[in-house]
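Chemist: The lines below spell out each chain.
Protein chains: 2
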Amino acid sequence: MTDSPGGSGSRRRGRPPRTESAGTRDRILAAAREEFAERGYDKTSVRGIAKSAGVDSALVHHYFGTKEQVFEAAVEVAFAPALTVRDAVLAAPLDDVGERMTRVLFGLWENSVTRKPLLAIVRSAVNNDVAASVFRRMVTAQLMRRIAGEIDAPDAELRVELAAAQLVGIAMMRYVIRIEPIASADVEQVIARVAPVVQGHLTGP
Amino acid sequence: MTDSPGGSGSRRRGRPPRTESAGTRDRILAAAREEFAERGYDKTSVRGIAKSAGVDSALVHHYFGTKEQVFEAAVEVAFAPALTVRDAVLAAPLDDVGERMTRVLFGLWENSVTRKPLLAIVRSAVNNDVAASVFRRMVTAQLMRRIAGEIDAPDAELRVELAAAQLVGIAMMRYVIRIEPIASADVEQVIARVAPVVQGHLTGP
Chain A
1 MTDSPGGSGS RRRGRPPRTE SAGTRDRILA AAREEFAERG YDKTSVRGIA
51 KSAGVDSALV HHYFGTKEQV FEAAVEVAFA PALTVRDAVL AAPLDDVGER
101 MTRVLFGLWE NSVTRKPLLA IVRSAVNNDV AASVFRRMVT AQLMRRIAGE
151 IDAPDAELRV ELAAAQLVGI AMMRYVIRIE PIASADVEQV IARVAPVVQG
201 HLTGP
Chain B
1 MTDSPGGSGS RRRGRPPRTE SAGTRDRILA AAREEFAERG YDKTSVRGIA
51 KSAGVDSALV HHYFGTKEQV FEAAVEVAFA PALTVRDAVL AAPLDDVGER
101 MTRVLFGLWE NSVTRKPLLA IVRSAVNNDV AASVFRRMVT AQLMRRIAGE
151 IDAPDAELRV ELAAAQLVGI AMMRYVIRIE PIASADVEQV IARVAPVVQG
201 HLTGP
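Protein chains in written order, with full-length UniProt numbering: chain A, 1 to 205; chain B, 1 to 205.
Just so you know, not all the hints are guaranteed correct.
Copies of the same chain look alike in the list, so a pair counts if it works inside one copy or between any two.
Unchecked claim - List of simulated lysine-lysine pairs, DSS-like, C-alpha gap at most 25 Å:
no., residue 1, residue 2
1, Lys51, Lys116
2, Lys67, Lys51
3, Lys67, Lys116
4, Lys43, Lys116
Calculated directly from the structure, the hints in this document are not laboratory data. All of these numbers come straight from a predicted model, not from anything done at the bench.
Extracted from the complex, chain A is given alone in its bound form (with noise of 0.2 Å):
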């Protein structure tokens, strides 16, 4: 994402491709991962990432620099099945885009490994301003925009809102707060539901 000579991407694809540094990176990676899931951008520190992952604090801020920038290289993991779900969607007939849009979706959702992640970014965009600008950035230039412009619509952008925001508030009920009995329907039942509605507001009239 941060294509910037500093970022953290040219950083981790300059650094020499040492095995030993490879699996600490990703060590620290899955620890910020697991903190910033469990506790959210605010009550994540670098230190606790550090204990967690077992290294120093030191050696975190070395590969990637500040919280925020721990958060975003996390995010972009979590954003690497996001981008599947974007290119499921644009290669996808655009009758079709609706159903693809929902399954992919709930596909990520229903997977323990790629809920954690999805979890992580909901609870920390939703509790701090940092944390929401680094999840607006991506979501809006990663995801949103490239949809839209499959769409041809005035209103397209709006229209992938309305489709995604269906999609949000479903996995925060179903998924991050758990309200019956939509946590416990079936998941066909839930998409028989929904993708029909996801593909009137990407395309209906």
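Keeping the supplied structure of chain A fixed, place chain B upon it in accordance with the hints.
Modeler: Positioned in the frame of chain A, the structure of chain B alone reads:
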């Protein structure tokens, strides 16, 4: 909400109606709403609420009990307008219920006075299990089940929750995380797009 003999509700009603203590109680509640909205459940302390209300912590405990009970009382206040939603929804003819529900909810979020406690609830429920369970209990008992009772369908509760999810998702994107263009879109434009979807969830085929 708490109607048991020891609950905050009966304690409040049982207390002699001295102007001073009523004023103090309201000041504590207002401070609690501010603190929960700013910091979320986890980072809010009874001591911080007391300090911001200009009273001793012991007085907060005296009026409300534990932090969870202060939170419940603060949420209860935030829920008063939600009951307006419910009553408006229940009073509407069934084929107008989608627009009514949408309008009342946007009314609450557009109003800076009611937005703050809503933000407090969302932030806390997303980040803390105790807060989430207070939220679940209130939303389920006071809103979802009551509205579902008006809808003649075997999956009435799921319908209400899918409708609510659309509104929750828009609130998240527009008011909490503030993603553009939905954050600045004309509210009437958004209502016009969303009300039919809410109606469809509630009473559609």
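Chemist: Decide, hint by hint, whether the structure agrees.
Modeler: Verification of the supplied hints:
1. Lys51 / Lys116: within (19 Å within a copy, 36 Å between copies)
2. Lys67 / Lys51: within (14 Å within a copy, 30 Å between copies)
3. Lys67 / Lys116: Answer is within: at 19 Å inside a copy they meet the 25 Å cutoff, but 28 Å across does not.
4. Lys43 / Lys116: Classified as both: same-chain Cα gap 17 Å, cross-chain 22 Å, threshold 25 Å.
Of the numbered hints given earlier, the model fails none.
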